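With the hints as constraints, model all of the structure from the sequences given.
Those protein sequences? They're chains A and V, same order as listed.
Residue numbers for the first sequence follow this note's numbering, beginning at 1 and rising by one.
Residue numbers for the second sequence follow this note's numbering, beginning at 1001 and rising by one.
A hint or two may mislead.
Pairwise CB distance ranges (calculated) [claimed, not checked]:
| hint | chain 1 | residue 1 | chain 2 | residue 2 | range |
| --- | --- | --- | --- | --- | --- |
| 1 | V | GLY1271 | A | GLN211 | 51 to 61 Å |
| 2 | V | PRO1202 | A | MET107 | 18 to 28 Å |
| 3 | V | THR1191 | A | ALA310 | 53 to 63 Å |
| 4 | V | VAL1193 | A | LEU168 | 21 to 31 Å |
Hints are computed from structural coordinates only; laboratory data are not their basis.
On a predicted model such as this, the values are computed, not experimentally measured, just so you know.
Glycine included, each C-beta is placed from N, C-alpha and C at the ideal position.
What follows is the residue order along each chain.
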Amino acid sequence: MTLPDLECTGLTKRFGTATAVDAVSFDVPPGSFFSILGPSGCGKTTIMRVIAGFLDPDAGDILIRGRSILNTPPNKRPVNMVFQHLALFPMMTIAENIGYGLRRQGMAKAEIARKVDAALDRIGLPGIGARKIDELSGGQKQRVAIARCMVLEPDVLLLDEPLGALDLKLRERMKVELKEMQAAFDTTFVYITHDQSEALVMSDRIAVMNQGRFEQMGTGRELYYRPETAFVAGFVGDTNRWHGRIERVEGDALQLVTDSGLTLRGARHGRALSPGGRAEIFVRPEAIRLTRSAGELAHFDNRMSGRVTALLFNGAASRVLVQAGREEIEVNLPQSGEFADLARGAEVHIGWAGDQGNCFAGTP
Amino acid sequence: MKAEARIGLILLLTPLLLWLSLLIVIPHIDMFLVSLRERVGVGEYRISPANYLTFLTEPLYLRTFARTAIMAMLATLITLLIAFPVSYYIAKMARGRTRSALFLLCLVPFWVSELVRTFGWMILLRETGLISTLLQWAGLADQPVEMLYNDAAIMVGLVYTSMLFMVVPLVTTLESLPDEVIEAGYDLGGTNVSVMREIVIPHATPGIVSGCIVVFMLSLGNYLTPTMLGGKDSLWFTELIYSQFIVRFNWELGAAFGFLLLLLSSLIVWGMLRLTGHTLERTMG
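Right, dumping it as structure tokens:
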């Protein structure tokens, strides 16, 4: 078995009485793209700074290729970081920026110049070495910041929400570009973000973090379709969410009544839930079928009819809000033309399979 | 509308223009004219460069002139060396209340008049002063030690007086350097020395240059500190000007000295800017 590039065991960091990172363990295999996804303030930046060496952990160990780096100062660690605001050196030219780390290693000038040129070619910006940083666009700065780290051939590259400052269109393109760059450099990337789409698109594996702990670790697909905790179910992807009381449990399937009186069928996917207990049920908008006639829904366990209260047009991700009983349900609106003339107030039928309703034990 | 805007501009500029013309330009033109007068008889004058020639042929004047310039430059350098770590600590390492408290501490001495502050140094340094008494009490000296009236005392006074004017521009420029950039310097393999040399100091250069210009001008034109801490023989150029005007009543030579001092400070500031590759607009803007 190959050693993981990065391995953290029982990593803990406290600030005063607050625990920012609480006994987090994970490992990242060589050449993979690992993301830590969490809301702001969940401790993900702290993990990053501990790995980079700007903070000392209170407990736990960090191993790079099997060797502990706890006692290595940040400037000696085989780990480099792309900062949130990129932190390019404004007083230097682009070539000087990229060559900075190599100069620190005492490399010969000619060799540095050769490597810098090669790096500029690789990020698709050949011949701009003599320019100043402020002459670059946002996406170009991004690439220079990554090249500045990659010329040092680090074992692990840390990226701290580097796409946060870019506009939407550019962010979409940079997602793809980052993934390509990771493949081209064949380096392990550890990426932290609060943006689930960034994590889902780019990562081989994702850890969802909340209040200093990892809630779940897995591929994007696993997190999306098989969330293990209510937090993951609510945080990754959009979803309808109801609180209720469980009425009946039959094997994996169960029936519950929401607080607003809606009777729904769901699945517990192996979780310990029993009749009479409080539960939360999550149903994704795209799991819900929308029709004009009730007959087409006969094979679904959950069927109801309601009135359209709002149309949320957003291209392929368009939604409708359907008022069913006292609940408003968000449903995907297929853009196949079938519902092109759907208007507010229209009578519609919706239905979904019971195993699409993910149930978790809820707070009473 | 346009006319109104123009009147507003004129009104806003008036105090500045009055100040500049009445207090700077007109007196200097007059000074220049006075410096070019040579007294040939009672109430009889003619235009000649005699005053400037006197300056060039009298070694005492020349030496005092050079000494003042060198001491002022040295004072600027020492101020920079002391103020830089202080500013770095305030701007980059201290946080929140500590930072404001430290900044305030730098400002506190300036609530007291310069005269009183300089007397403070005299109380410490004179023969019967605090330090002398303390040294005798500790057995390190067997008789009173005079620490006033020498170049070191002048230097201490000059550095102390100008510290704030170096700290303020330095803190301002250092604060504008994001912590991320310094961290990136370390992350990419930089040591303390190389991060300082390649990242922090290049970023702080405008602050260093503007601080140095202000401190240098203040030191060069300082009259009180050299006189009080250096005594009668401190040989500071401003003292020569004072004595020509007030003691010798030789306004012509005094005016020439004044003009030479102006020339000297302009020349050195220009040289400093050239050396660091900065322009005045970039440094002050």
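These are the hints, each one checked on the structure:
1. V/GLY1271 - A/GLN211: 51 to 61 Å: 60 Å, holds
2. V/PRO1202 - A/MET107: 18 to 28 Å: 21 Å, holds
3. V/THR1191 - A/ALA310: 53 to 63 Å: At roughly 60 Å between Cβ atoms, A/ALA310 and V/THR1191 fall inside 53 to 63 Å, so the hint holds.
4. V/VAL1193 - A/LEU168: 21 to 31 Å: The hinted range 21 to 31 Å is violated for V/VAL1193 and A/LEU168, with Cβ atoms some 42 Å apart.
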